[in-house]
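From just these sequences and the hints, can you work out the full model?
Taken in sequence, the protein lines are chains A and B. The numbering used here numbers the first residue of the first sequence as 1 and each following residue consecutively. The numbering used here numbers the first residue of the second sequence as 1 and each following residue consecutively.
No incorrect hints appear here.
Straight-line C-alpha distance at most 27 Å; calculated DSSO-like pairs for lysine-lysine:
#1 A:K217 with A:K141
#2 B:K302 with A:K384
#3 B:K300 with A:K426
#4 A:K433 with A:K384
#5 A:K14 with B:K6
#6 A:K292 with B:K6
#7 A:K292 with A:K28
#8 B:K68 with A:K388
#9 B:K302 with A:K251
#10 A:K251 with B:K300
#11 A:K423 with B:K300
#12 B:K6 with A:K426
#13 B:K302 with A:K433
#14 A:K388 with B:K300
#15 A:K191 with A:K141
#16 A:K384 with B:K68
Quick caveat, the hints were computed from the structure, so don't treat them as lab data. No experiment lies behind these values; they were computed from the predicted model shown.
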Amino acid sequence: MAFSLHGVHVPHRKHTQDQSAARMAPPKTVTIPMSMHIGAPARPVVKVGDLVKVGTLIAEAGGVVSSPIYASVSGKVTKIPDILLSSGTTAPAVVIESDGEMTPEEALMPPVVNSRDSLLEAVRASGVVGLGGAGFPTHVKLNVDPSRIEYLIINGTECEPYITSDTYTMTERRDDMAYAIEALKTYLGIKNIIIGIESNKKKAIKSMMQLMQETAKNCTVSVKVFPSIYPQGGEKVLIYHATGRVVPVGKLPIDVGCIVLNCTTLAAIGSYLKTGMPLVEKCVTVDGGAVKNAQNVIVPIGTSIADLFDFCGGLTVEPAKVLYGGPMMGIAIPDMTLPVMKNTNAVLALTQKEAALPQTTACIRCGSCTNTCPFGLAPAMFAKAYEKKDTVLLEELGINACMECGCCSFVCPANRPLVQTNKLSKALLREEKAKEDKRV
Amino acid sequence: MNHQLKLSVSPHIHSGRSTAGIMRDVLIALAPATVAGVIIFGWRALLVVALCVASSVGFEALYNLIVKREQTVGDLSAAVTGLLLALNLPANIPLWQCVVGSLFAVIIVKALFGGIGCNVVNPAITARVFMLIAFGTMATQAYPTIVDTVSSATPLAQMAQGTTPALTDLLLGLHGGAIGETCAVALLIGGAYLLIRRVISWHLPVAFIGTTFLFSFLMGGMDVMHALSMVLSGGLLIAAIFMATDYVTSPSTAWGKIIFGLGAGLITCMIRYFGTYPEGVSFAILLMNILTPYIDSWTKHKVFGRGGKRA
Numbered sequence: 001m002a003f004s005l006h007g008v009h010v011p012h013r014k015h016t017q018d019q020s021a022a023r024m025a026p027p028k029t030v031t032i033p034m035s036m037h038i039g040a041p042a043r044p045v046v047k048v049g050d051l052v053k054v055g056t057l058i059a060e061a062g063g064v065v066s067s068p069i070y071a072s073v074s075g076k077v078t079k080i081p082d083i084l085l086s087s088g089t090t091a092p093a094v095v096i097e098s099d100g101e102m103t104p105e106e107a108l109m110p111p112v113v114n115s116r117d118s119l120l121e122a123v124r125a126s127g128v129v130g131l132g133g134a135g136f137p138t139h140v141k142l143n144v145d146p147s148r149i150e151y152l153i154i155n156g157t158e159c160e161p162y163i164t165s166d167t168y169t170m171t172e173r174r175d176d177m178a179y180a181i182e183a184l185k186t187y188l189g190i191k192n193i194i195i196g197i198e199s200n201k202k203k204a205i206k207s208m209m210q211l212m213q214e215t216a217k218n219c220t221v222s223v224k225v226f227p228s229i230y231p232q233g234g235e236k237v238l239i240y241h242a243t244g245r246v247v248p249v250g251k252l253p254i255d256v257g258c259i260v261l262n263c264t265t266l267a268a269i270g271s272y273l274k275t276g277m278p279l280v281e282k283c284v285t286v287d288g289g290a291v292k293n294a295q296n297v298i299v300p301i302g303t304s305i306a307d308l309f310d311f312c313g314g315l316t317v318e319p320a321k322v323l324y325g326g327p328m329m330g331i332a333i334p335d336m337t338l339p340v341m342k343n344t345n346a347v348l349a350l351t352q353k354e355a356a357l358p359q360t361t362a363c364i365r366c367g368s369c370t371n372t373c374p375f376g377l378a379p380a381m382f383a384k385a386y387e388k389k390d391t392v393l394l395e396e397l398g399i400n401a402c403m404e405c406g407c408c409s410f411v412c413p414a415n416r417p418l419v420q421t422n423k424l425s426k427a428l429l430r431e432e433k434a435k436e437d438k439r440v
Numbered sequence: 001m002n003h004q005l006k007l008s009v010s011p012h013i014h015s016g017r018s019t020a021g022i023m024r025d026v027l028i029a030l031a032p033a034t035v036a037g038v039i040i041f042g043w044r045a046l047l048v049v050a051l052c053v054a055s056s057v058g059f060e061a062l063y064n065l066i067v068k069r070e071q072t073v074g075d076l077s078a079a080v081t082g083l084l085l086a087l088n089l090p091a092n093i094p095l096w097q098c099v100v101g102s103l104f105a106v107i108i109v110k111a112l113f114g115g116i117g118c119n120v121v122n123p124a125i126t127a128r129v130f131m132l133i134a135f136g137t138m139a140t141q142a143y144p145t146i147v148d149t150v151s152s153a154t155p156l157a158q159m160a161q162g163t164t165p166a167l168t169d170l171l172l173g174l175h176g177g178a179i180g181e182t183c184a185v186a187l188l189i190g191g192a193y194l195l196i197r198r199v200i201s202w203h204l205p206v207a208f209i210g211t212t213f214l215f216s217f218l219m220g221g222m223d224v225m226h227a228l229s230m231v232l233s234g235g236l237l238i239a240a241i242f243m244a245t246d247y248v249t250s251p252s253t254a255w256g257k258i259i260f261g262l263g264a265g266l267i268t269c270m271i272r273y274f275g276t277y278p279e280g281v282s283f284a285i286l287l288m289n290i291l292t293p294y295i296d297s298w299t300k301h302k303v304f305g306r307g308g309k310r311a
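Below, the structure written as structure tokens:
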């Protein structure tokens, strides 16, 4: 491979990287949204008053691109209200009052997997979606002609500051990962596996080296250590650095023979195949200057952010911002009643100081945005084109290649809202397309 | 919930770089050349520097007040413009000309085009060219030197007459010239600081200076000393390191910067060797400033994942 893509050095702040994870006792109630993935919301199959156990199906997939959802605590369904999610959309959520027992569903048993179809069905039934943050249903991603898969790339880069929940997976859930790898090898015929990690995760690298030795039968497995430059974990960035292949704009990794799975996604699949317990809990990094005891916590999905902070000793100061995910791409949330979802890998409470952004001033054409963009885009030019509502120019400049990694905004000395403009530009383009489609 | 959480689009952290910080670095990088200028040319040089900086900042503040714009003097760009202008003037310049030059740089070249980031050409360079043409006397002949305060010819003027100045004098700046342009050592220290602080990249200065060196080498009959003298004299170093690299008026990609530097070097030499003015650096940058939008559009990065098909 000739070049490595541009990026930025972000502060790591991985305070929790050497800790194991604490298991949180079930909260009084959990609120489980029906939309924790990309695609159609799941359809509730329980009614108010129903008794559920850990692992009981509470919602079935709402379509092909969707995912089933399971109860994360044992107890009683008390209501199914519509709640406002951080994305700005509303979706129904199943609220379960916990009986504190965490009794597992008796009917659960490891799935019988003996073919590609039964494997895909098991992955679908596991409720696993892209746990790196995207939340794309994993069974859909894996449902491609196996002969097209040349590389399975396991994403353990975890390039966002603060977050160490993937590090936890790699160091402590290696068995689950190995279990999943064996199944994928056997039934999808995967021949090459590359595990990508950033150089700042020494323990995880060691553990993955061991995984490499354990799984190398009938398959080449390699661990590739990349410099800790954000956004090393961006899907297309990782594919390029791992294989030298370039995913064309508007295409998918499989179009260049690659499938990328986050390491925690893989572990979740492995755990289901082994035990039959679907995805009902998540390891979440709880950090940020406002949190008393920063730590990784294993919590039932649906636990409120407020309960999670309480478990971590509460907040020492009023946070300025609370985020789902890391500070580079995470989503700021309006209130702490929102729950931990399937794709939540971190919850951060940032202090005023941590969340302070400089004042926005005029663009001085310094070129930092275009010189740090991993994809060679020119964010300052997007901004100008957006002001003029010039959708033709926006498309020509490659707005749809933008992955919103945030490097441009991060380095901008004028603190221009570049990522925001890019998002607005994409929305503008979509609207325009929709209008055109109507006319035709 | 009684407490209001802030909502905004990611990213939620920032590198901490700011326009004011970058300008502060440029001021720091210009400090050695300023000090050298004052040592070489005496207190009058200090007066010129102080007056240019004060009037540039003053005019910008006044303009913002009059047109009711947000005050921008805090970004220090007006101070940089004032300092660069002063360093490009002879120490014996009439003081009123300093004020007129600053007015031209800050108001006409920058503010009227929309303020910082919107000007098409570099304010200090353009003001210098304006002054060169408007107040012809400051052109080249009568620069004072420290030694005896008797006016002496600049090295470029000397070379035009066939004598080569001593290399040590060129490096230390002990010869006629504008306040900040003579001391090569001080300018190089400033340039190194800007490189280390990543305020500038090497591309533009190296291409600019390299082209000038090569052209002079060929024109001077393969004489390294001649070529070196051409690089170290006149306003080349201060221009290539501090003025051509102005973000607003130079290309943003590496290849764009190299093209800019090549072009500026060629024009500089054309004027030096074939023109009527002994110095051509300012004109060269001014002309390349005008070409910058085109260079930018020729040298856009290829979009990752767009194959051979270019938009």
